[in-house]
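Sequence lines, in order, name chains Y and H.
Start counting the first sequence at 1; every next residue gets the next number (this note's numbering).
Start counting the second sequence at 1001; every next residue gets the next number (this note's numbering).
Mimicking PhoX-like on lysine-lysine, the simulated pairs with C-alpha atoms at most 25 angstroms apart in a straight line are:
#1 Y:K101 / H:K1057
#2 H:K1057 / Y:K3
#3 Y:K3 / Y:K70
#4 Y:K111 / Y:K38
#5 Y:K38 / Y:K101
#6 Y:K38 / Y:K16
Simulated coverage check for chain Y against chain H, where a stretch passes if three residues somewhere in it have a Cβ under 8 angstroms from a Cβ of chain H:
#7 38 to 46
#8 98 to 112
Bear in mind the hints are in silico, worked out from the structure with no lab data behind them.
Note that this is a predicted model, so its numbers are computed, not measured.
All C-beta atoms in this analysis are idealised placements derived from N, C-alpha and C, irrespective of residue type, glycine included.
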Amino acid sequence: AQKVTQAQTEISVVEKEDVTLDCVYETRDTTYYLFWYKQPPSGELVFLIRRNSFDEQNEISGRYSWNFQKSTSSFNFTITASQVVDSAVYFCALLTSGTYKYIFGTGTRLKVLA
Amino acid sequence: KAGVTQTPRYLIKTRGQQVTLSCSPISGHRSVSWYQQTPGQGLQFLFEYFSETQRNKGNFPGRFSGRQFSNSRSEMNVSTLELGDSALYLCASSLGLLNTGELFFGEGSRLTVL
Chain Y
1 AQKVTQAQTE ISVVEKEDVT LDCVYETRDT TYYLFWYKQP PSGELVFLIR
51 RNSFDEQNEI SGRYSWNFQK STSSFNFTIT ASQVVDSAVY FCALLTSGTY
101 KYIFGTGTRL KVLA
Chain H
1001 KAGVTQTPRY LIKTRGQQVT LSCSPISGHR SVSWYQQTPG QGLQFLFEYF
1051 SETQRNKGNF PGRFSGRQFS NSRSEMNVST LELGDSALYL CASSLGLLNT
1101 GELFFGEGSR LTVL
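Pulled out of the complex, with its shape left as it was, chain H reads as follows (with noise of 0.2 angstroms):
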């Protein structure tokens, strides 16, 4: 079956713009979480929809936003990008109810601010 699939893979942006990334999780998960991964830090939680709801939440700032859609496809926004935000952000999607099995990754939208 078909994994996760992110969009876009790559992209470049300068200070200030916004940015929206895309995540189609794997038919019938119904839960899609964001993380941010970068050198030395790791793989940040951002947060977690499951059945269109935010579930959960990292410490990231409002400049950080998602929504989940019916289809449970999910987007993230983050508006007025700083040189920090350079990161590869990962979209996982599981099945979800209680959120304690494996966690399937897309590919990332590698993000570059200049």
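Pulled out of the complex, with its shape left as it was, chain Y reads as follows (with noise of 0.2 angstroms):
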């Protein structure tokens, strides 16, 4: 079976504090990507990192950094120094070479305290 859990329905924060988003995956496929999706209020998701089953080094982006570990099926996404526009919805989502489907998570909606 193939599953994205993201455990943590919701996280609060005071700006400036780190945060880690977290998402464990399930497939027993060898080759298949994983995905961080933004949802901001307006609706639309935004692509933020894609990574390839094959790529296990970590990404930095600015405040935005990325620890991909197959041993544990683990994707997670970590802000520093958030910010309160990065108060959204985020999806972490995983795309598998068997079906070509997506399958999303259920979310982690942040909140960002000024």
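Mind assembling these two chains? They're in different frames, but the hints should get you there.
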């Protein structure tokens, strides 16, 4: 079975705190892709990052960083020095070469308080 | 360049009616996929079209259907509406040949069924 679990339904932090959003995935395919998307209040999801199953390097982009660990089937997302504009719902997604269907997690709502 | 456009943005229907939602992808994108977003369920994949052909389908009843036109615009239809169909319906486009890249989402059509 293919599945994405985002156990954190909602997280509240104070501005400038660091926050990590967890994502655990399940798949038996050896080739797959992992994504993070951000959904601001306007509704449209915005792409943040894609990782393929053969690339376990961590990635940093400004205040954002991603930790991909195949050993624990996790693809966690950290925001450093959070800002109010980071408030949104964040979705982790899995795409496997077997089905080419995106499987999204249920999302984590992040609230950054000023 | 113009993003993904979905119309209408909001609509209210009653049980038993049908509804048609429209999606115009980014110019040059040939793949259009549809998702249903409800609280607690996250994004559920409905179907994906590529070059006017349904390439992939999620686990939704036959009341949910779609099509894609030669200009890549897509429509989805829900017949015999039920209360549980109330949701945000999101359309996403991509260049699409293998569909492993990022998705570009519209702002969604929010359907309320009374």
